[in-house]
Amino acid sequence: MADSESSQQRRRDYWRENLRIMAWLLAVWFFVSYGCGILFVEELNKISLGGFQLGFWMAQQGSIYVFVVLIFVYVRLMNKLDKKYGFDKEDEPETDKKEDA
Amino acid sequence: MDVKTWTYLIVGITFALYIGIAIWSRAKSTSEFYVAGGGVSPLANGMATAADWMSAASFLSMAGLIAFSGYGGSVFLMGWTGGYVLLALLLAPYLRKYGKFTVPEFIGERFYSKTARVVAVVCLILVSVTYVIGQMKGVGVVFSRFLETDYNTGLFVGMGIVFFYAVLGGMKGITYTQIVQYVVLIFAYTVPAIFISLQLTGNPIPQFGLGGDVDGTPLLAKLDTVIQDLGFNQFTTDVMGSKLNMFAYTLSLMIGTAGLPHVIIRFFTVPKVKDARLSAGYALIFIAILYTTAPAVAAMARLNLTQTIQTGKVGALEGNLEYEKRPEWFKNWEKTGLLEFRDWNQDGRIQYYNDPSGLGEAHFALEKAQAQLATAESSKDQNAATLIAETQAAIIAAKKQIAAAKTKHAKTPFAQHGWQGNEMVKVDKDIIVLANPEIAKLPGWVIALVVAGGLAAALSTAAGLLLAIASAISHDLLKGIMRPNITEKEELKASRIAMVGAILMAGYFGLNPPDFAAGTVAIAFGLAASSIFPVLMMGIFSKRMNRQGAIAGMIAGIGVTLLYVFQHKGIMFIPGTSFLGDLKENWFFGITPNAFGAVGAAVNFAVAFAVSKKFGPPPNEVQELVERIRTPGD
Numbered sequence: 358m359a360d361s362e363s364s365q366q367r368r369r370d371y372w373r374e375n376l377r378i379m380a381w382l383l384a385v386w387f388f389v390s391y392g393c394g395i396l397f398v399e400e401l402n403k404i405s406l407g408g409f410q411l412g413f414w415m416a417q418q419g420s421i422y423v424f425v426v427l428i429f430v431y432v433r434l435m436n437k438l439d440k441k442y443g444f445d446k447e448d449e450p451e452t453d454k455k456e457d458a
Numbered sequence: 007m008d009v010k011t012w013t014y015l016i017v018g019i020t021f022a023l024y025i026g027i028a029i030w031s032r033a034k035s036t037s038e039f040y041v042a043g044g045g046v047s048p049l050a051n052g053m054a055t056a057a058d059w060m061s062a063a064s065f066l067s068m069a070g071l072i073a074f075s076g077y078g079g080s081v082f083l084m085g086w087t088g089g090y091v092l093l094a095l096l097l098a099p100y101l102r103k104y105g106k107f108t109v110p111e112f113i114g115e116r117f118y119s120k121t122a123r124v125v126a127v128v129c130l131i132l133v134s135v136t137y138v139i140g141q142m143k144g145v146g147v148v149f150s151r152f153l154e155t156d157y158n159t160g161l162f163v164g165m166g167i168v169f170f171y172a173v174l175g176g177m178k179g180i181t182y183t184q185i186v187q188y189v190v191l192i193f194a195y196t197v198p199a200i201f202i203s204l205q206l207t208g209n210p211i212p213q214f215g216l217g218g219d220v221d222g223t224p225l226l227a228k229l230d231t232v233i234q235d236l237g238f239n240q241f242t243t244d245v246m247g248s249k250l251n252m253f254a255y256t257l258s259l260m261i262g263t264a265g266l267p268h269v270i271i272r273f274f275t276v277p278k279v280k281d282a283r284l285s286a287g288y289a290l291i292f293i294a295i296l297y298t299t300a301p302a303v304a305a306m307a308r309l310n311l312t313q314t315i316q317t318g319k320v321g322a323l324e325g326n327l328e329y330e331k332r333p334e335w336f337k338n339w340e341k342t343g344l345l346e347f348r349d350w351n352q353d354g355r356i357q358y359y360n361d362p363s364g365l366g367e368a369h370f371a372l373e374k375a376q377a378q379l380a381t382a383e384s385s386k387d388q389n390a391a392t393l394i395a396e397t398q399a400a401i402i403a404a405k406k407q408i409a410a411a412k413t414k415h416a417k418t419p420f421a422q423h424g425w426q427g428n429e430m431v432k433v434d435k436d437i438i439v440l441a442n443p444e445i446a447k448l449p450g451w452v453i454a455l456v457v458a459g460g461l462a463a464a465l466s467t468a469a470g471l472l473l474a475i476a477s478a479i480s481h482d483l484l485k486g487i488m489r490p491n492i493t494e495k496e497e498l499k500a501s502r503i504a505m506v507g508a509i510l511m512a513g514y515f516g517l518n519p520p521d522f523a524a525g526t527v528a529i530a531f532g533l534a535a536s537s538i539f540p541v542l543m544m545g546i547f548s549k550r551m552n553r554q555g556a557i558a559g560m561i562a563g564i565g566v567t568l569l570y571v572f573q574h575k576g577i578m579f580i581p582g583t584s585f586l587g588d589l590k591e592n593w594f595f596g597i598t599p600n601a602f603g604a605v606g607a608a609v610n611f612a613v614a615f616a617v618s619k620k621f622g623p624p625p626n627e628v629q630e631l632v633e634r635i636r637t638p639g640d
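Sequence lines, in order, name chains A and B.
For the first sequence, my numbering begins at 358 and goes up steadily by one.
For the second sequence, my numbering begins at 7 and goes up steadily by one.
These are calculated hints, taken from the structure and not from any lab test.
Heads up, a few of these hints could be off.
[As the list claims (entries may be wrong)] Simulated DEER-style distance windows between Cβ atoms:
1. A/F388 to B/I29: 45 to 55 Å
2. B/Q422 to A/V385: 44 to 54 Å
3. B/F621 to A/F388: 33 to 43 Å
4. A/F388 to B/K331: 31 to 41 Å
5. B/T243 to A/Q366: 49 to 59 Å
6. A/E374 to B/P625: 19 to 29 Å
7. A/N436 to B/L250: 35 to 45 Å
8. B/G45 to A/V385: 30 to 40 Å
9. A/E374 to B/K447: 49 to 59 Å
[Stated by the list, open to error] Cross-link-like lysine-lysine pairs, in silico, DSS-like; alpha carbons within 30 Å at most:
10. B/K120 to B/K103
11. A/K441 to B/K278
12. B/K337 to A/K403
13. A/K441 to B/K10
14. A/K437 to B/K549
15. B/K417 to B/K432
16. B/K432 to B/K337
17. B/K103 to A/K440
18. B/K106 to A/K446
19. B/K34 to B/K120
20. B/K374 to B/K386
21. A/K441 to B/K549
22. B/K549 to A/K446
23. A/K437 to B/K103
24. B/K34 to A/K403
None of the values given here were measured: they were computed from a predicted structure.
Idealized CB from N, CA, C, for every residue including glycine.
With the rest of the complex left out, here is chain B (with noise of 0.2 Å):
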């Protein structure tokens, strides 16, 4: 069987078995609609937690940004799963002991204020929307790539799934999917990655792969001469921007993910206190299988890629793979234009090396403005003529950077060997996980089984954050604001028809991407570690704290974040609006604005306690169920 067989196949019965338990696990109640009735066992939880956590990002881009990271991308392995100390230590047993459906309700009643409830479901649903759009524009590319439909079909397709199992079985049915889907997910990454590591260094196990030995040298050694024989920096030491960058963005990835609603309900579904503390520690086995695994086949696949291109020497001509050469995977994605070449130097083969004299990029940058140039020549609009000039001006400017380059570059020690720039215009970190299989050579069910795993992956944390959106609207708006008189039987009702509404919503950004969707990890997770994180450990953790404190600190929270990230990378990211421009000069203390939550929580904290302490105590019978969460029981 072909791979594109395999793939249709594997997929195929992957979906059956999430419809076939959409159809088992349909919900009759409300608290089985947003709890799933309060009775998954922790095991269970754990798992759906790991499925709901793990998102198209994690499956597919994480292992990429660390191959082309190196050291620096331990933020991300460290902040997505340390959070779970925090959620375990400060959040989950408390909130599961209020015992109630939503976050914001936990919010409204513990700050005895509609208004914070308001807030807390204006947040949680901007953190949730931005996050959904990234889970169904995975979709449609896997589908994209891999069963050669076009992109709306497979986010079509995508959408039936997760409208089956979410209207149906509301959490009930999310929970049991996410179950199968955390199944397939991890058999999905981890069979290629044991491949390759036992290819690699022959020790069946990834995360001893790393540390092991590659004729004779050991595979991080390996890895740092031969990127660095090239120019790049070393693996194992690359810094991301500075200390403190790594420092706070691991802060905010820690402290965001402690505060993303749609984790956070997980917690609500187990029957005791003690289970979300177990339910917590599951949970991140679950992840850590995953996240442990990732650095692994990070290092592997930089090394893959690389020796794939530098087949020998640098410098020596055969050092080089020829053009005509390359492997079928490799033409695959020149296809997808996620991977391109362009032969500078005329000698058939391909050199990729980092080269900090940007002659590639600015031969690069010429020939796209020739091409512009050509467009504009041929078009009969009637600004063509400003379009000419100005292409022509791009030009020139690019011959100039071509003509600067050149004179930095002919002192690299590249220039000897013939060189004239690095030849692999794009290398798109995405491709890694998925292309990983293939530069391995493994058996066709392999790669249908990667595909079946990303889509697990993008589906499961899609409908967790669906069912936040829906339960914020049906629970909190709804019943908890506009209409606290509806029955059960009608909120049920609305709860659905708010699914059905997130979802297409969901659907309609996913086909029209809007330019904020580029900024996801920036918006959510800054947005959930200024907002919610600390609003929620206030709550538990101070007494004291009262309203006027919490909204203040929220509002403050959110604003400095908000603006710190939109002056960098424009207001709702739209390319021009930015008023700082996005750029290291005026970086805050060199603190990325991906990496500004932690910033933004502080701020959060400080202007809460400061604000508190102009207003009185909360009223007593808020103490008391203040209280009351701190310990099990009752």
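For reference, chain A alone in the conformation it holds in the complex (with noise of 0.2 Å):
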């Protein structure tokens, strides 16, 4: 089943904002572990909060907060952004008849 010019340009418009969706939270995400967690720890761990250092608290409790979030946020974004390009009705097939605003 060949797409049509039109809706192929859809599917690679989509595409593309999907990746940028993507590296803009996996760039939080390495941020928050690997960055907070592990690299910069030192440095964080001279800022307190509360009974803990605030290294350590990204290390074991933050991070896994902010992975949580980041999830959320994601299926927010991506179910704004299937509406956006018409992917949210799976039930009716698609046809390339549609055309996009």
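From these two lone chains plus the hints, build me the complex, please.
This is the structure we're talking about:
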């Protein structure tokens, strides 16, 4: 089943935006775990957060909370993106007749 | 009621529940058997994924590991949760869109190659089998310690339960039991943690209790001082190996997690692409509840354990617990051999400290050698003479070692207190979670609950792994390659038989754990990270990746990882066959074998891209497949 030109373009645009969202979220993922939890942990440990040193807290608690938030942000952004490109209606097969705004 | 009655009661109730679910949720089609009919809600799947993922290791061992490695233990916390971000963003939605039953099936179709599919099946089975052995062992150990049956009986009961719901219900039965098992295990993990946090810090939430105060000083600061006074590294800054090692270790665990087939197939069970994303989020919430509690359990248990033995000031005579006055739990664990004490300075008190001179270990080595000599002398073996000579040499060596250690020990501050080496010759890390409720003097039903939780964690993971193995055999090897024409009914029957076979094999290895079982983590995560994750990712993100590249990459990734693990731990972990020895000097940039998966993955990617450039792009229909899985809809 070959896609029409416009449909192909639509898929490509969707994919490009998807990659951008991914790149941002993975940058945060990297920063909180490898950055705060490992590479800069000594510097962050100089800051205290209640009874914690910040670096230690990031490594054993904070990064995990951020991971959870990241996935839900991703879910939200992708649902929005699906809607924007008309990929949210899974049940009805998409046809090439449908033109996009 | 005593602890044992409680344990029988609670474990009995949970087992009855699992069997009830098995009868209620029989699978009637291959789709139900492999992917629960594809109709599981994201929330339910999230919970099932959490139980699937959290194994005996997460439940029983992780807090113990963190308790004794402090900050360094963060690699497990970040590694085993951060992998879900990769899974949600890089794999789950696309594999769900692909919409079939198994991981090798995707690899075979995407790389238009039966060879690729077979290589994937081999990786999957290697990963899952090594992993499942650990679970079966966990079941046997928990049974023998708490229900006082022997290890084999425990193993058979565990096999019987899994047999019931996995063979009858396939993925459908496994999913619903995993949901119940999640509830059991999370309840069992958090209840004692809440009690202990309340006792120590007055805060009922362990995550906050970890940052709370004990007698006016922050818990972590106090723990740091208490253990540093005893010569241990500071808890909150104890780096594991080097920072590079921690970095590589965390990365290996993350991409290994995202590449574990039994976790990936859980995302085939939800109805839509957006459900797969959401489900990964729910799964991580459910996992995070345990994973953020674990460091609190770890720090509190370490403090409790240390202060039980070191009751007062270091150096004061009354500062150390009298052996005769040791608590009940101490005696119970001594019986299992996981906790051992020797009174080196014969003062009737316990000195538990980290002594760099190794005097305690040297004493212990002498004791062992003397015991061996006694057995050798009384044995009628023809080799007794050589054996006696060997042990006598060992005794002389141990005595020399003691003399050297004594000189060193004399320079430590501990010598002034009349201490003569660490007297806790064995403190097994694995006892932390199981002993925790006893150490904190919690009621019997809490201890029983922890036992049921440990069993739930082991059984739920075992079932998920067994399904991954069974479906790879019946769906990929039999239906996909050997006999493509069998009917659905025949395939369903074959998948049940494959499941029975997988359970028997797991049971066999549980009874006769091979040497390589000890290296489970290194092998399972190393292989998943170096083979399955990269090939899936390239299959989705690179349209240009062809079959030659994928196969070469997988083989190179696995090859280099196995080579590294074997060269340090022995070929198939057989002692004495390692060709470089497990020596720090031989580690590649100080990276431990367990942390090598990340390097293996990098090799996989590099080889795959280099090789793929030499050959043409994949056929058009494959490129269209890639286009199609990248977008939801259709």
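Within 30 Å, alpha carbon to alpha carbon, are B/K337 and A/K403? violated, 42 Å
Hint check: A/K441 vs B/K10, CA-CA at most 30 Å. Holds or violated? Violated. A/K441 to B/K10 sits at ~60 Å, over the 30 Å cutoff.
Does 31 to 41 Å hold as the CB distance between A/F388 and B/K331, or does it fail? For B/K331 against A/F388, whose Cβ atoms are near 51 Å apart, the range 31 to 41 Å is violated.
Range hint 19 to 29 Å: satisfied by the CB atoms of A/E374 and B/P625? Since the Cβ atoms of A/E374 and B/P625 sit about 28 Å apart, the hinted range of 19 to 29 Å holds.
Given a hint of 35 to 45 Å, does the C-beta separation of A/N436 and B/L250 actually sit inside it? Hint holds: Cβ distance 39 Å, inside 35 to 45 Å.
Hey, A/K441 versus B/K549, does the alpha-carbon distance stay inside 30 Å? Roughly 24 Å between the alpha carbons, so the hint for A/K441 and B/K549 holds.
CB of B/Q422 to CB of A/V385, is that within 44 to 54 Å? holds, 52 Å
If I claimed the Cβ atoms of B/F621 and A/F388 lie 33 to 43 Å apart, would that claim hold in this structure? holds, 38 Å
Measure nothing beyond the straight line between the CA atoms of A/K437 and B/K103; if it is 30 Å or shorter, mark the hint as holding. Answer holds: A/K437 to B/K103 is near 18 Å, not above 30 Å.
What's the verdict on B/K34 and A/K403, does the C-alpha distance respect the 30 Å limit or exceed it? The hint is violated at about 60 Å.
Would you check the hint for B/K120 and B/K103, treating anything up to 30 Å between C-alpha atoms as holding? holds, 21 Å
Between A/K437 and B/K549, is the straight-line Cα distance small enough, at 30 Å or below? holds, 25 Å
When each numbered hint is compared with the structure, violations occur for hints 4, 12, 13, 24.
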